[in-house]
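In the order they appear, the protein sequences are chains E and R. Residue 1 is where the first sequence starts when you use this note's numbering, and the numbers rise one by one after that. Residue 1001 is where the second sequence starts when you use this note's numbering, and the numbers rise one by one after that.
It is worth saying that the hints were derived from the structure and are not from the lab. Do not take every clue at face value.
Said to hold, decoys possible - Computed cross-link-like contacts, PhoX-like style, restricted to lysine-lysine with a CA-CA straight-line distance of at most 25 Å:
hint, chain 1, residue 1, chain 2, residue 2
1, R, Lys1088, E, Lys7
2, E, Lys218, E, Lys322
3, R, Lys1200, E, Lys50
4, R, Lys1200, R, Lys1212
5, R, Lys1240, E, Lys279
6, E, Lys50, R, Lys1088
7, E, Lys33, R, Lys1242
8, E, Lys31, R, Lys1107
9, E, Lys5, R, Lys1225
10, E, Lys32, R, Lys1103
11, R, Lys1216, E, Lys279
12, R, Lys1242, E, Lys298
13, R, Lys1212, E, Lys244
14, E, Lys50, R, Lys1093
15, E, Lys283, R, Lys1023
16, R, Lys1212, R, Lys1023
17, R, Lys1017, E, Lys308
18, R, Lys1212, R, Lys1240
19, R, Lys1216, E, Lys308
20, R, Lys1206, R, Lys1255
21, E, Lys33, E, Lys159
22, R, Lys1107, E, Lys314
23, R, Lys1225, E, Lys308
24, E, Lys44, R, Lys1243
25, R, Lys1093, E, Lys67
26, R, Lys1060, R, Lys1023
27, E, Lys31, R, Lys1240
28, R, Lys1255, E, Lys244
29, R, Lys1103, E, Lys5
30, E, Lys298, R, Lys1088
31, E, Lys159, E, Lys244
32, R, Lys1255, R, Lys1240
33, R, Lys1212, R, Lys1243
34, R, Lys1172, R, Lys1017
35, E, Lys21, R, Lys1216
36, R, Lys1107, E, Lys33
37, R, Lys1255, E, Lys298
38, R, Lys1225, E, Lys306
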Amino acid sequence: MKALKRKYDFFSHIYVEEGVKNHPLTKNILKKKDSHLIYIDHYKDVFCRKGQNIASQKLSPSLIIAKKEGKLIYEGAPVCQSFGNEYFYYTSLIMNCVYDCEYCYLKGMYPSGNIVIFVNIEDIFAQIDNILKLHPVYISVSYDCDLLACESLTGFVEKWCLFASERKDLTVEIRTKSAVDVRGKFKVTDNIIFAFTLSPNTLYAREHNTPSPLSRIKAASFALEEGFNIRLCFDPLIYFEGFKEEYEALSYSVEENIGFKNIKDISLGTFRISADYMKGLRKAEPYSATVQYPFENKGGVYSYPKAKEEYMLKTVKDILLKYIGEDKIYLWESGYE
Amino acid sequence: MVFIFTALYAEAEEIIKNYALKKLRNMTKFTLYGNEDICLCVTGSGVMRASVGVSAVLAKFSSPEDKVINIGCAGGNKEGVYLCNKIKDNIFKRTYYPDMPPKHSFKESELITEKNVWKGDKEDPCLHDMEASAVYEAASFFVSPEKIMFLKIVSDSNGENVTKEDIRLLFKNNFPLVQDAISLFLKKEEENFNFTDTSKIEEALKCTVTMKERLKRIARYLDIKGSSIYDYLPKELECKSKKEGMKILESLEEKI
């Protein structure tokens, strides 16, 4: 099956909730984009319409600017890794991602391929401060999006770095597939973890519109050079012919360009997705071998058959153990952590 | 197929003539005009007629790949031809948002669907018609929001009496733009992939409903990878029981 090159056309239309049209971030975003502007009452009027074509929207997503209301911070889901943190939370300032990975669970989770930016980061900060009065907080802020990839539009990462630098009980994980050079851009603080998701070349070919594996590795090395904590995520692992050889090459490249000894930790996990999301994902990616593989449904979560999953985890773990101690490798296995 | 809905024959006449659409008799209660790519229906004015017309035609002839365009006149304080990005229903107080094509050469506008002819308001920046919200609501039962388009030509600014001849001329003069809008939807999409038909294998393996699903999933996966499920199956497929079929299915799953 030939891999078709996907062409993207971002934000030809921007929908703005009437309630945030005067928010400074809204004004700032609108200044940067020359798009058709449509005012709306509530982001769900556009984002949650029935029968949307996610595949087509991923190629030319509209932007929706809105206010996040109600619950702003969530407790970590069981399919996510907590890295041993007792108080594990996540929040989503952006819904959906500018990248178009064939296997991305967001295509099954959201009813739309359009991107929502919630401008009221100050309300999230206020809620975190309330939780911090009770106990420390570990929060992942870039699960349902790629915050760093959208930095030029939102400035959210800069705000998170500043906010975290003044709160020692707060740890913030910013997961990314971007290759943004963070040097000189953000306040350096040791409670920010930039988590770079790395993929070998065969998998990268299924991660449309993303930077190459090498440029992500270089971006990680720049973040490290700047003084940030770096996490590497080999997650999700997806099986393909030449799996072992390509992960060996990828690990070698990490060692050459970053050095495993400098990395805070590594996350390792095979592909898994809630059965509820799989249906939507397969509909959005009807021609992706990655997605159409006959995964097994184990207790409501689709993943590889046990033997294959064990092979994949063991193979990559063994490769990594040549460079890094076991205590730094966090493994996700089916049946949860 | 592109389905075009207009309220009046005067709005449809140029399209019928230029695309050489033939009258299709006795297909629905509405008169249809069509060729290989286009089916046009004149519904009559107002939300009720538009709703019934769209439902009757799409229920009988459409598939989810089809596209829908509502073309017609609108009142407004600006001149020209517009693609509408927001349809506000002034009767039921609902708002609809069709997905807009990312690249086009049209001006865009908000459109308000009214129960009666709009009488004009000099401060109002929107366009006003009497069908669009009903077209959207009805069409969205059959196709997704990026497959519904609204093209409006401004005919008046205060509800003044516009004759059929005025409308016919308006559409004749603006026909190149109408044609551009139709072209946006006439572009052929990539051909669908033909997946292997597994019905004969299902029969041979005496598959249950669940086994059929598993088999289809494997076949689809191998099709996409560029191989075929037949490369992985034994030559002799006929099974005496579903238990035997299950063994073949399981060995297939191990191999891929």
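Right, here's what the structure says about each hint:
1. R:Lys1088 <-> E:Lys7: violated (32 Å)
2. E:Lys218 <-> E:Lys322: Since the Cα atoms of E:Lys218 and E:Lys322 sit roughly 21 Å apart, the hinted pair holds (cutoff 25 Å).
3. R:Lys1200 <-> E:Lys50: violated (36 Å)
4. R:Lys1200 <-> R:Lys1212: holds (11 Å)
5. R:Lys1240 <-> E:Lys279: Violated - the C-alpha atoms of E:Lys279 and R:Lys1240 are around 33 Å apart, more than 25 Å.
6. E:Lys50 <-> R:Lys1088: Answer holds: E:Lys50 to R:Lys1088 is near 17 Å, not above 25 Å.
7. E:Lys33 <-> R:Lys1242: violated (60 Å)
8. E:Lys31 <-> R:Lys1107: Judged against 25 Å, a Cα distance of about 20 Å means the pair holds.
9. E:Lys5 <-> R:Lys1225: Holds: E:Lys5 and R:Lys1225 sit about 17 Å apart, inside 25 Å.
10. E:Lys32 <-> R:Lys1103: holds (19 Å)
11. R:Lys1216 <-> E:Lys279: holds (15 Å)
12. R:Lys1242 <-> E:Lys298: holds (23 Å)
13. R:Lys1212 <-> E:Lys244: Violated: R:Lys1212 and E:Lys244 sit about 33 Å apart, past 25 Å.
14. E:Lys50 <-> R:Lys1093: Measuring from Cα to Cα gives roughly 18 Å; hence the hint holds.
15. E:Lys283 <-> R:Lys1023: violated (37 Å)
16. R:Lys1212 <-> R:Lys1023: violated (45 Å)
17. R:Lys1017 <-> E:Lys308: violated (62 Å)
18. R:Lys1212 <-> R:Lys1240: holds (17 Å)
19. R:Lys1216 <-> E:Lys308: holds (21 Å)
20. R:Lys1206 <-> R:Lys1255: Satisfied, since the Cα-Cα distance of roughly 20 Å is no more than 25 Å.
21. E:Lys33 <-> E:Lys159: Distance ~21 Å between E:Lys33 and E:Lys159 Cα, so the pair holds.
22. R:Lys1107 <-> E:Lys314: Violated. R:Lys1107 to E:Lys314 sits at ~58 Å, over the 25 Å cutoff.
23. R:Lys1225 <-> E:Lys308: holds (18 Å)
24. E:Lys44 <-> R:Lys1243: It is violated: about 49 Å lies between the C-alpha atoms, which goes past 25 Å.
25. R:Lys1093 <-> E:Lys67: Holds. R:Lys1093 to E:Lys67 sits at ~23 Å (cutoff 25 Å).
26. R:Lys1060 <-> R:Lys1023: holds (17 Å)
27. E:Lys31 <-> R:Lys1240: violated (70 Å)
28. R:Lys1255 <-> E:Lys244: Holds, at roughly 18 Å.
29. R:Lys1103 <-> E:Lys5: holds (19 Å)
30. E:Lys298 <-> R:Lys1088: violated (46 Å)
31. E:Lys159 <-> E:Lys244: violated (39 Å)
32. R:Lys1255 <-> R:Lys1240: holds (23 Å)
33. R:Lys1212 <-> R:Lys1243: holds (13 Å)
34. R:Lys1172 <-> R:Lys1017: Holds. R:Lys1172 to R:Lys1017 sits at ~10 Å (cutoff 25 Å).
35. E:Lys21 <-> R:Lys1216: Not satisfied, since the Cα-Cα distance of roughly 49 Å exceeds 25 Å.
36. R:Lys1107 <-> E:Lys33: holds (17 Å)
37. R:Lys1255 <-> E:Lys298: With Cα atoms ~20 Å apart, R:Lys1255 and E:Lys298 stay inside 25 Å; holds.
38. R:Lys1225 <-> E:Lys306: holds (22 Å)
The structure does not agree with the numbered hints 1, 3, 5, 7, 13, 15, 16, 17, 22, 24, 27, 30, 31 and 35 stated previously, though it agrees with the rest.
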